[in-house]
Amino acid sequence: MMSQALSPALEKKRAKKEERLQSHLQTYLNDSSARRSLVAASSDPNESVDGFLASFSQCRDQVEDKLSAILAKKSSKSDEGALECVREELKSLSLEIVNMESLVADSSFFLPTYIMQSSQSSITKLKEEIEATTAELLPKKKFSFRSKTAKPTKPVEKSQEILPAIPATVSDSNSIGPVLSFYGIKDQHDCTLVRYSQDLEDREFMLTNLSNCKIYLKGMCRALYVNKLRNCLVCTGPVTGSVLIDDVEGSTLMLASQQIRIHSTKNTDFYLRVRSRPIVEYTSSVRFAPFAFRYPGIEDALQAANLQEETGEWENVDDFRWLRAVQSPNWSILPPSERICIDETDNALKI
Amino acid sequence: MGLLSSLRRLYRSQADEARILFLGLDNAGKTTILKLLADGDIQTVTPTQGFHIQSLIYEGFRLNVWDIGGQRAIRPYWRNYFETTDALVYVFDCADRHRLKESGDELSLLLEEEKIIGVPLLVLANKQDLRHALPADEVAAGLNLVAIRDRTWQIQGCSAKTGDGLQEGMDWILQRVKNKGENRHAR
Ligand SMILES: Nc1nc2c(ncn2[C@@H]2O[C@H](COP(=O)(O)OP(=O)(O)OP(=O)(O)O)[C@@H](O)[C@H]2O)c(=O)[nH]1
Ligand SMILES: [Mg+2]
Numbered sequence: 001m002m003s004q005a006l007s008p009a010l011e012k013k014r015a016k017k018e019e020r021l022q023s024h025l026q027t028y029l030n031d032s033s034a035r036r037s038l039v040a041a042s043s044d045p046n047e048s049v050d051g052f053l054a055s056f057s058q059c060r061d062q063v064e065d066k067l068s069a070i071l072a073k074k075s076s077k078s079d080e081g082a083l084e085c086v087r088e089e090l091k092s093l094s095l096e097i098v099n100m101e102s103l104v105a106d107s108s109f110f111l112p113t114y115i116m117q118s119s120q121s122s123i124t125k126l127k128e129e130i131e132a133t134t135a136e137l138l139p140k141k142k143f144s145f146r147s148k149t150a151k152p153t154k155p156v157e158k159s160q161e162i163l164p165a166i167p168a169t170v171s172d173s174n175s176i177g178p179v180l181s182f183y184g185i186k187d188q189h190d191c192t193l194v195r196y197s198q199d200l201e202d203r204e205f206m207l208t209n210l211s212n213c214k215i216y217l218k219g220m221c222r223a224l225y226v227n228k229l230r231n232c233l234v235c236t237g238p239v240t241g242s243v244l245i246d247d248v249e250g251s252t253l254m255l256a257s258q259q260i261r262i263h264s265t266k267n268t269d270f271y272l273r274v275r276s277r278p279i280v281e282y283t284s285s286v287r288f289a290p291f292a293f294r295y296p297g298i299e300d301a302l303q304a305a306n307l308q309e310e311t312g313e314w315e316n317v318d319d320f321r322w323l324r325a326v327q328s329p330n331w332s333i334l335p336p337s338e339r340i341c342i343d344e345t346d347n348a349l350k351i
Numbered sequence: 001m002g003l004l005s006s007l008r009r010l011y012r013s014q015a016d017e018a019r020i021l022f023l024g025l026d027n028a029g030k031t032t033i034l035k036l037l038a039d040g041d042i043q044t045v046t047p048t049q050g051f052h053i054q055s056l057i058y059e060g061f062r063l064n065v066w067d068i069g070g071q072r073a074i075r076p077y078w079r080n081y082f083e084t085t086d087a088l089v090y091v092f093d094c095a096d097r098h099r100l101k102e103s104g105d106e107l108s109l110l111l112e113e114e115k116i117i118g119v120p121l122l123v124l125a126n127k128q129d130l131r132h133a134l135p136a137d138e139v140a141a142g143l144n145l146v147a148i149r150d151r152t153w154q155i156q157g158c159s160a161k162t163g164d165g166l167q168e169g170m171d172w173i174l175q176r177v178k179n180k181g182e183n184r185h186a187r
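Protein sequences appear in the order of chains A and B.
First residue of the first sequence: 1, per full-length UniProt numbering; consecutive thereafter.
First residue of the second sequence: 1, per full-length UniProt numbering; consecutive thereafter.
Treat the hints with care, since some could be wrong.
Have a look at the derived ranges for each label pair, beta carbon to beta carbon [said to hold, decoys possible]:
no.	chain 1	residue 1	chain 2	residue 2	range
1	A	G297	B	R149	20 to 30 Å
2	A	F110	B	A38	36 to 46 Å
3	B	R149	A	S118	34 to 44 Å
4	B	T46	A	A82	58 to 68 Å
5	A	L71	B	L109	46 to 56 Å
6	A	L138	B	D171	52 to 62 Å
7	A	D61	B	E113	51 to 61 Å
8	B	G163	A	Q308	21 to 31 Å
FYI, nobody ran anything at the bench for these hints, they're computed from the structure.
Everything numeric in this text was worked out from a predicted model, so none of it was measured.
Heads up, the beta-carbon is just placed ideally off N, CA and C, and yes, glycines get one too.
Next up, chain A with everything else stripped away, as it sits in the complex (with noise of 0.2 Å):
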C-alpha cells in the first residue's frame, strides 16, 4: 500500500492483529517449557556455554520424543481430523527448530567452534527427521500466489506468516569443510519470510532457490547473494556491500546497494537505490523503477549506509551485452503508473 496516515479502522484492525499474535505467542510460550528456558539461557547475562548445552539438549531430546510420539501414533487412524493434529504437531516442531536455531544464532559469539558445529549438525537431523516424517504422514498442500498481482500488506495464509523476528541458520548439508557454508533462506516454497536486523546486521545474506516467496529482509546486511528465484518478491533493507543477482524470473526485487549486478534474469521488475551504474548480463524483459521499500527503522538503516539520498542511479542501467549507443533492448523504465510501493511501516509484527 502506498504511505499515507492510518484511518482510524486500519488502525484498529492493526491493533486486533497484533492481539491476536500477542496471545498466540503468548499460549506458545507458555506451552513449551523448552522455549521458557530457552529464553531464560539467551536473556541470561553471565552466556555460559553449560547453559546453553543444557537447553540445547533438552530441546533435541523434546523434539525427538515428540517426533517419535507422533510416528508411534501414525497407523491408529487416519481421517481428516488426525491428519490435522498431526499437521498441527509438526507444525509445532518445526517452531522448536526455529527456536533451536535462535538460541545457537544468540550464542554463537561465545560459543567454541565445535560446539557451533555439533548443534547446527543436530539441527539439520532433526529437521531431516521432521521433513521425512511429513512427508511419510500427511499429503502435500499446495500453495501459491503471483507475485505480481499480491498485495503484500494483506494478512496471510500461512503458518510461518505468525513468527516473531527468527535468526535464519539454515545449515547446509552438502557443506564442503567446518565453515557454515549457507547463511540466509533456502529451498522453500510458497511461503512469506521475515528476517530482522538482528538476524542480518553486518553479514552476508543469502536467497537460493525459492519459488513462489515473499521475502522482507527488514535490517541492513553486508553483501547479498541471489540465486535462482521464480514468482518471488524479495524486498531488503540496505546491502552496505554489493547484490549479486543470478538466474531469477518473474519477480520483483526491491533493493539498496552500493553495487549492484544481475546475471541471466527475465521477465523481472527492479526498484533500486543504487551508487553505481545497475549492471545487467544475459537478461531480458528487465524493468527498472527506484526503491520503494519502508519498514520501522528503515530510514536509520539507510542513513547509516550511506544510501538515504536518491541519487536516480537507478535508471542508468549499463547492459554488459549492449555495448553500442542506442538503447539496449534487454531492459527499460518501468512506466510510474504500474509501480508498486511496499510500506510494511504500520506492520512492524505482521509478515
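Using the hints, position chain B with the ligands against chain A.
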C-alpha cells in the same frame, strides 16, 4: 613479436618496475583491494567497465597494476592485457560459493594462455571478513591449484574491508617480481 611489444619489454626491463595483472570474476573485489592499497577509500568503488590502472609504490618498487573488469560479457577481452605481465593476481570472492566452479574454469583457461605461461600467480581469497567465506585452503582445492606445474603460485586469504592478508600478498608479489628474470620462462 612486434616492435611495440619489444619496446615495451625494454621499458619494462627497468629493474624497479613491474606490470601486474588483476583478474577474477566480477564482484570479486579487485578494484576494492587496489583502492584500499592505494588510498584507503573503498566506499565509492563502482563495477569496472573496461579496465583501470593503478600505480603502487612498494619499497621503492613501482607496481603498475592493471585491473580488468570481470563481468562475463567482457572476460574475452582479458587476453588483450596479457603482454609483458610480470605477475598475475587472481581474486576470488569467498562468499560466492555458487561461482567457485565458474571461477576455477576461468582460471584454468587463463593458465593455458601462452602469453602468460610461467608468470607467477597469486590467488587472493578475498572477503574473509564475511562469516561464511570459504577458507583459503578450500578455495585452493576448488580452483585446483595443486595441478599447477608451470609457475610458482601462492594463495592468500584476505579482506579488502579489513585489510587483512593484503600485506602478505603484496610481499609475495614483490619478491617474485624483484627476481622476475628467474621466474619467467623465455617468451
Ligand atoms: N565484505 C567485503 N566486501 C568486499 C570485499 N572486497 C570487496 N567487497 C565488496 O564487493 C563488491 C565488489 O567489489 P569490486 O572491487 O567492485 O569488485 P571487482 O572485482 O572489481 O568487480 P568488477 O569490476 O565487476 O570485475 C563491492 O561492493 C565491495 O565493497 C571484502 O573483502 N569484504
Ligand atoms: Mg572492478
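Check each numbered hint against the structure and report the violated ones by number, ascending. Violated: hint 1 alone.
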